[in-house]
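Line by line, the protein sequences are chains B and L.
Residue 62 in the working numbering sits at position 62 of the first sequence, and the numbers go up by one each step.
Residue 1053 in the working numbering sits at position 53 of the second sequence, and the numbers go up by one each step.
Bear in mind the hints are in silico, worked out from the structure with no lab data behind them.
Take these hints with a grain of salt, some might be off.
Said to hold, decoys possible - DEER-style ranges, computed between Cβ atoms:
id	chain 1	residue 1	chain 2	residue 2	range
1	B	100	L	1008	42 to 50 angstroms
2	L	1027	B	2	41 to 49 angstroms
3	B	117	L	1007	22 to 30 angstroms
4	L	1008	B	63	15 to 23 angstroms
5	B	85	L	1019	31 to 39 angstroms
6	B	96	L	1077	23 to 31 angstroms
7	B	97	L	1027	20 to 28 angstroms
8	B	80	L	1062	19 to 27 angstroms
9	L	1024	B	60	40 to 48 angstroms
What the hints assert, rightly or not - Calculated lysine to any residue pairs in the SDA-like style (CA-CA distance at most 20 angstroms, straight line):
id	chain 1	residue 1	chain 2	residue 2
10	L	1080	B	125
11	B	58	L	1005
12	B	37	L	1005
13	B	37	B	92
14	B	37	B	125
15	L	1080	B	29
16	L	1080	B	25
17	B	37	L	1045
18	B	78	B	62
19	L	1080	B	126
20	B	37	L	1066
21	B	11	L	1024
22	L	1080	B	94
23	B	37	L	1008
24	L	1024	B	58
25	L	1024	B	122
26	B	11	L	1008
27	B	58	L	1066
28	B	78	B	94
29	B	11	L	1066
30	B	37	B	117
31	L	1080	B	11
32	B	37	B	112
The beta-carbon is built from N, C-alpha and C at its ideal position, and this holds for glycine as well.
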Amino acid sequence: MSDVLSLIIAKYNYWLYVILMMIGLYGMIAKNNLIKKVVGMNIFQTAIILFYVSIGYKTNAGIPIITTADTAHGVVVKAADYINPLTSCLMLTAIVVSVATFGYAMALAVRIYQRYQTLEEDELRMRLSEE
Amino acid sequence: MHWPIDIIVLTFVIFCAIAALSVKDLLGTAILFGAYSFLMCLLWTIMGAVDVAFTEASVGAGVSTVFFVAAIFRTSRRTKD
């Protein structure tokens, strides 16, 4: 029992990311408004990005910029002193893609509102069946 | 050394996410979502991913809040849930 508890406490940030991801999933599934669904999708995306960035984190390490001027003349650069920049570089692309999808979803929501005068999903389905 | 501020900001992020999804006004959702993005940017600075942090501050918190408010201005603030 105490083993399980110590395992949970040691990886507490992963559990909080999972909670955040489930909040986003709930927003996508249970909310009726189209814009709220998009916000839920964005929360889900940020939870995944947060998980990836936290994989590359090291304790007692600096940001990945080499400060010594001449590395060619025998100055040793240790990888343990720098945070792994690979995951954050990958997630930079994911942030830009998430903003692009967000803007596109907002444009679609504006078009849907211009045509049907509502953003609620049940009213939208009612007006679609009336046509 | 780093874990208390980490867990405090993460708690604020989760509260902002719940509030942004449960508030009954879409303009309130926009503002809370901007606060969520800025707290996320703070979290990435704590984790040492500074490039991700300033991309999030400019693109995630800035541009997407502008998109959001513009979309609400052209549609309605009303929401049922």
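Status of each hint after checking the structure:
no., hint, verdict
1, B:100 to L:1008: 42 to 50 angstroms, "violated, 31 angstroms"
2, L:1027 to B:2: 41 to 49 angstroms, "holds, 48 angstroms"
3, B:117 to L:1007: 22 to 30 angstroms, "violated, 45 angstroms"
4, L:1008 to B:63: 15 to 23 angstroms, "holds, 21 angstroms"
5, B:85 to L:1019: 31 to 39 angstroms, "holds, 33 angstroms"
6, B:96 to L:1077: 23 to 31 angstroms, "holds, 28 angstroms"
7, B:97 to L:1027: 20 to 28 angstroms, "holds, 26 angstroms"
8, B:80 to L:1062: 19 to 27 angstroms, "violated, 35 angstroms"
9, L:1024 to B:60: 40 to 48 angstroms, "holds, 46 angstroms"
10, L:1080 to B:125, "holds, 15 angstroms"
11, B:58 to L:1005, "holds, 16 angstroms"
12, B:37 to L:1005, "violated, 30 angstroms"
13, B:37 to B:92, "violated, 23 angstroms"
14, B:37 to B:125, "holds, 16 angstroms"
15, L:1080 to B:29, "holds, 15 angstroms"
16, L:1080 to B:25, "holds, 19 angstroms"
17, B:37 to L:1045, "violated, 28 angstroms"
18, B:78 to B:62, "holds, 11 angstroms"
19, L:1080 to B:126, "holds, 16 angstroms"
20, B:37 to L:1066, "holds, 18 angstroms"
21, B:11 to L:1024, "violated, 34 angstroms"
22, L:1080 to B:94, "violated, 31 angstroms"
23, B:37 to L:1008, "violated, 27 angstroms"
24, L:1024 to B:58, "violated, 41 angstroms"
25, L:1024 to B:122, "holds, 17 angstroms"
26, B:11 to L:1008, "holds, 15 angstroms"
27, B:58 to L:1066, "violated, 35 angstroms"
28, B:78 to B:94, "violated, 29 angstroms"
29, B:11 to L:1066, "violated, 36 angstroms"
30, B:37 to B:117, "holds, 18 angstroms"
31, L:1080 to B:11, "violated, 37 angstroms"
32, B:37 to B:112, "holds, 14 angstroms"
Of the numbered hints given earlier, the model fails hints 1, 3, 8, 12, 13, 17, 21, 22, 23, 24, 27, 28, 29 and 31; all others are met.
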